[in-house]
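Whenever a hint applies, use it, and build me the whole structure from the sequences.
2 protein chains.
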Amino acid sequence: MASLVQHPILQQSFAIIDREIGIHGFTPDEYAVVRRVIHSTADFDFKQAIRFSATAIAVAKNTLVTGIPLVVDVNMVRQGVQTLVARTFDNPIVVAVDQAKVALPGKTRTETGLIECCRQYPEAVYVVGNAPTALAALCAAIAGGQVRPALVIGVPVGFVGVEAAKAQLARLEIPQIVVAGRKGGSSVAAAIVNALLVLAWESL
Amino acid sequence: MASLVQHPILQQSFAIIDREIGIHGFTPDEYAVVRRVIHSTADFDFKQAIRFSATAIAVAKNTLVTGIPLVVDVNMVRQGVQTLVARTFDNPIVVAVDQAKVALPGKTRTETGLIECCRQYPEAVYVVGNAPTALAALCAAIAGGQVRPALVIGVPVGFVGVEAAKAQLARLEIPQIVVAGRKGGSSVAAAIVNALLVLAWESL
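These protein sequence lines map, in sequence, to chains G and F. The first sequence runs 61 to 264 under our numbering. The second sequence runs 61 to 264 under our numbering.
Hints are computed from structural coordinates only; laboratory data are not their basis. Here the structure is a predicted model, which means the values were calculated and not measured. You may find that some hints are simply not true.
Dumping the calculated SDA-like pairs for lysine to any residue here, alpha-carbon to alpha-carbon at most 25 Å [stated by the list, open to error]: (1) F:Lys107 <-> G:Lys167; (2) F:Lys107 <-> F:Ala75; (3) G:Lys167 <-> F:Leu64; (4) G:Lys121 <-> G:Asp78; (5) G:Lys161 <-> F:Gln228; (6) F:Lys107 <-> F:Gly127; (7) F:Lys161 <-> G:Lys167.
As structure tokens, this is what we get:
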């Protein structure tokens, strides 16, 4: 299929990252994801922090092309991916926080909405850029056998519950892309999804 | 005025940052901004990189309460600020990239839209989280006397033209908040605006 036209500034930025990245052990496809994350943050720490499970990239490429739904935790992630989704596979984008008018007792609203998404989209690609509570709830649902996402992108950012939720995900045998430690965020989540969409598109 | 209710997880996160930040020379108001940026990125590098001009915080507090328009470069920034804007001063949010259907020759679409915003909102608060081309165009319009923004938040991220645009802004005598170097982004821009909205609200 035709290559997605990428802006010259993006191409120049990628060339600079290629020169500065140094030695790494990523496959070419994994590196395309890492490079896009570094482009969106100007932070080379992500070279050390991003982890891909063995089948994550292959699953992403195979399922994104089918138009699989993307469940994202917050609207900033949707905003960051919707342009490229519209130019590629038109995957439905479901925003977890919008699925809950109010939070269930003792839960955040994003977590409450995520649990609702688990019921409706048990096999979607899940993308958590913001709410560690949502990632923890998703992990509990996976561990309990209620859902079997095709892929989980687990990159919430922050200081409370973030590392624990990521560790919870890492223990599950589910295709996953994780940023270890405290870093992550909506821009990182969007960059990962956008890189995977380009890889999927170019594999056709 | 009543304090804005902040989620307990946000308060806990702030307490962790307070313990880890170490010695700094920020005023309490400036630190409230820095802390919110670190919260949104988990990246303490911003402690060194954020620069406030002498009047930036005072201008932000005085103008946000009047409902001054916010011109933001891209939709991810709008998405990141609109909840708190709606809970405080209901400032109009104008997204530069949406003001241009197509890019002018040799310009990016965000830059083209930003130039249009300069005509319509010459005294707004300008927030650039993404497009260095938009920040450079804004700086040229300021230097040329066509616009006099109340405040410029100049925090584009990236590898091409970013440091040059920030340096261009730093030379202008205009109230400003800048992140030096390559880092920045939509989440950083949104965090700065949200912190300023809270400061403005609590000053009433």
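| Proposed proximity, Gln228 (chain F) with Lys161 (chain G) (alpha carbon, max 25 Å) | violated (45 Å)
| Are the Cα positions of Lys107 (chain F) and Lys167 (chain G) separated by 25 Å at most? | violated (32 Å)
| task | Please work out if Lys121 (chain G) and Asp78 (chain G) have their alpha carbons no farther apart than 25 Å. | result | The hint holds at about 23 Å.
| Distance restraint between Lys167 (chain G) and Leu64 (chain F), which requires alpha-carbon spacing of 25 Å or less | The given pair, whose Cα atoms are some 20 Å apart, holds under the 25 Å limit.
| Within 25 Å, alpha carbon to alpha carbon, are Lys107 (chain F) and Gly127 (chain F)? | Violated - the C-alpha atoms of Gly127 (chain F) and Lys107 (chain F) are around 29 Å apart, more than 25 Å.
| When you check the alpha-carbon spacing of Lys107 (chain F) and Ala75 (chain F), does it fall within 25 Å? | holds (16 Å)
| said: Run the distance test for Lys161 (chain F) versus Lys167 (chain G): straight-line Cα separation, threshold 25 Å. | reply: Violated, because 42 Å separates the two Cα atoms, which is more than 25 Å.
Checked against the numbered hints above, the structure violates hints 1, 5, 6 and 7; every other hint is satisfied.
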